[in-house]
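Dock chain to chain to rebuild the complex, using the hints, since each chain is given by itself in its own frame.
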Amino acid sequence: MTMVALQTHALSKIFTVKQKRAGLTGSIRSLIKPQWEEKIAVKGIDLTVQRGEMVAFLGPNGAGKSTTIKMLTGILHPSSGEAQVLGLTPWRERAKLAYRIGAVFGQKSQLWYHLPPIDTFDLISRIYELDRSEYAARRNDLIERFELGPYLNIPVRKLSLGERMRCEIAVSFLHRPQLLFLDEPTIGLDVVVKQRIRELIREVNKEEGTTVFLTSHDAGDVEELCSRAVVIHHGGILLDAPVDRLKREVLSRKIISLTLASGFDPTMLPSQVGTEVLKVEGRRVKIAVDLQQTDIEAVLGSLIGRFRLEDVTVEDPPMEEIITHIYGSGGG
Amino acid sequence: MNAMNAMNAMKLMKAAAVARITWRQQLAYKTDFLMRSSFLLLILFVFVQLWGAAYQGDTTRVINGYTLKQIIWYLVFTEAITMAVPALCGLIENEVKSGDIAIRLIRPFSYVGYHYSSYLAEAIFRFFIHLAIGSIIAWTFAGPPSFGVGWAGLFALTLGAITIAFLLNMIVALCAFWVEETRGMEFVLHKLQFTVGGMLLPLDLMPEWLQRICAWMPFQAMLYFPARTAVNYGEASLLQQFGIQAAWIVVLAAAVMFMYRRGVAKLHVNGG
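These protein sequences, in sequence, are chains L and P.
So the first sequence is residues 1 to 332, counted in UniProt numbering.
So the second sequence is residues 1 to 272, counted in UniProt numbering.
In isolation and in its complexed conformation, chain P is listed as follows (with noise of 0.2 Å):
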């Protein structure tokens, strides 16, 4: 039990050094993130006149249970996760491509355990930034963010809403060990995300079938919960909620074990 404590306190202590160095490695690119941010304000500045219009200005309206400040800070919440998640599937894809992959597999470490210690790290910070970009835009137009406990639901659900979106990708991402390019099916995956995930649009607002079929996807656990939850704490359970989320990451996990496995047993490494 104790070797076993030991063992797994060796891993952490890896995965924080992965953590820290991806840290540092973020705050190289200083440029790429006003860009990000700036793009960011825009688009949210765009969707806060859209809803105003949507809504006539009226701010005590209420549709499908949002008012229009809701609909704006859900937006927020979805903008902050869609944009914190790395874009895993063209590193993955350069690193089988270029032959890099190799620098990663000669350590004793677990392929995808790194690349999740790294991912993590980089999703927790840009999340962070971009929540708080969002939030001046927000505040401005839509009034403060008075969600009370709905705060705590959001971060509890945002870990395993970006664990759920790092597997998706990773699943994308592994294709690469197989076919050349994974672009079109990440381009997909992305586009799923937007709409049956509910990053435009709160699944409330979806026709009735479609909300059906969205409850049987893993997307709206990656950003429809902890945005909806965020701004209407308590509608619905937060225990079913995590749930649906460990669920998710355990299938999501298990495809991805088992695509690595399969794929590393049959990579070709190029170059060198």
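So here's chain L without its partners, still in its complex pose (with noise of 0.2 Å):
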């Protein structure tokens, strides 16, 4: 069996569009006379994913990220280039890859609404074809493992967002994917879910050796979970490295964003090495720190000894500020 779960050669994806033309003439002209667009969404893609490799997915909205990985799940056809995933093509075998795959799209819900989670664990188990006993026993470990035991028989629209993000992860676990798409699985959640969906992951690529292929906007998914990047940016591939890299170079600003008690004097600020004011509107004010020049621990001690604070919290900087600064250093 090949090492390689998942290889591209130039995999590329050409939307065409139709142009609506502004206003009410514009859309008479349109009826008349349609105009078409060509949308390049992912341009030329070449990579490798080995198995067991967690790879983060990471680029700005619209960055292609999400065509990409509907591609490699065979729900879309490329426009050209090549795709070999756990060495099917998936556009043209995927009902045949769909058994070992598995993916979860954060922001669509495959559990049915309006049942509890439990109706779609056995519906997935009948899809999957799964034998009925080692299902049982499948099934029970992921409900321990992920808490799911007094979410089972609420019908989905009742629960939290967490609760339910849960059982979407858990639900793609059950047919033991040897490759999983995680399509910003942990978008809107609270820090602590995040950080018990992160360890959960984690977990079962260590024991199943899952492939785990992952997008997200969150630098926390990535610094904790992947041990490589793929940076893309306008459907290309803008940076390719392992993640140690990533947080040496790019992920190593960090963001510490103050509410304080009274106004902002900026004299008080300490002219520390490594920090730099980044907005200041009114009592809340945004510093950045360069942790290769000096350590949140130092610059937190000395603002709480300079002001009162009513609130801190630290942050990674933004996904498209990752974006700009690897651009600004040559794409590394």
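Treat the hints as calculated values from the structure; they're not laboratory data.
Zero decoy hints are in this set.
Below are the DMTMM-like pairs computed for lysine to aspartate or glutamate, each with C-alpha atoms no more than 20 Å apart in a straight line:
no.	chain 1	residue 1	chain 2	residue 2
1	P	K11	L	E129
2	P	K266	L	E93
3	P	K11	L	D122
Some, not all, of what chain L presents toward chain P, calculated at C-beta under 10 Å:
no.	residue
4	K18
5	L76
6	R94
7	I101
8	H114
9	D119
10	R126
11	E129
12	F181
Just so you know, even glycine gets a beta-carbon here, dropped at the ideal spot from N, CA and C.
Right, dumping it as structure tokens:
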């Protein structure tokens, strides 16, 4: 058995989009003579992922992440190029491939909205032709790990987003996929739930050797789950590097957001190396910290010493900023 | 051969699982059901009055082979089938628009097959409920349904009828792969069913030239055949009607598969 989970060569997707002109006369003109425009969603992606790897597939909105995933799962046919996923061509052997891969689309639910999650589990077990006793064992194991017991018999519409996402991911593990595509699995979740979901994904990857192909806006997902990051922008690969390197070079900035008890006086700010005031808005202040030059604790320490704080959060910079940074540094 | 049987058995199990979850989901929509059912009562009541006037209340009079009682029961059967058919076009159009089609396409199950399983489960469920409700009105105003073997004819032809309805609706629904709106086409399809399909009026009551046109269209096989056979069993050969249904199913299924293959290759999945 080959060790390659997926491989693409010059994979491209071009959509033709009908152009709508503005206004009513524009609409009428479009009716008589429609204008088509080609939109390149993915252009010439070359990518190889080994079995057991956890790869982050990053990029801003509209970069072509989802389109790539949809081609790799066989949902979309590419305009040109090739792909082999677990040795199969996804769009030609979609159903055959489907038994061996799983996918979670964070913004689309695969659970039946008005029914409890257990019904979806049962349906999926039939659709993937799982052996009954094996299914029961697998389901019980997932229920225990994902701590789904209390929600199993509650209609999905009554679950919170975090509870629902745990069910979504658990369901996608049911048929033991060799390769799992996770498209924004932690979108909209709070920090604790995000953390829990990451742990679970890591656990299954480790124990079952599941290859994970993940897209996310959240740098935290990438840092904590993946060993390799592929960054795409405008449909092409901008950077393909170990996450360690990405962390050192790009994710080395953290953003501290403060809400002060009183107004901000910039002269009171410590003139510390590696810090930069990004924004001041009344009592709200955003400070960027370069971790290569200083560390978070030192900066926080001196801030607490000088100001009376109402609220502090430390975050990763947004994906857009990371992309700009990679661009600025010449694409690695 | 055995492997083939095993594969077909697996497919049937999948279809059954989809049917089960569809029924469970249906039971979650109680209010919707009550609304539809009371609407059916209203429609049938109006038609009972209308036909009562047309026959001048004469229960022995026969118009083009139908007594008042037969006409009213005919309506109950066509309404039960019409109202059993789920709104497939809206469903598929939504799946394409919202991109939820992605969730269906990552499964090892044919897209059309999935929808047929779900459709059939819902249609059969709704057919029997609407039939029961319609029967209350017809029984009260027109007398008991003493059609004997006609009932067997009704049930036998209804499966083919709702399958043809599925295929016709699917053809319109699959247009959603190319165009943004399918509601206009769906509207036309439904009105064709109402008229040349024989929902409101048995085709025998229509002018000769129109009947000849209807004979060449699939719509008669989905409403007129089962309802007419129920109230007037033996007037037309059951075997011939099965044959016509089967022929339409083959032709329409080929059209559906052709459209699906073309459509899915150029699909643009929105969102996410």
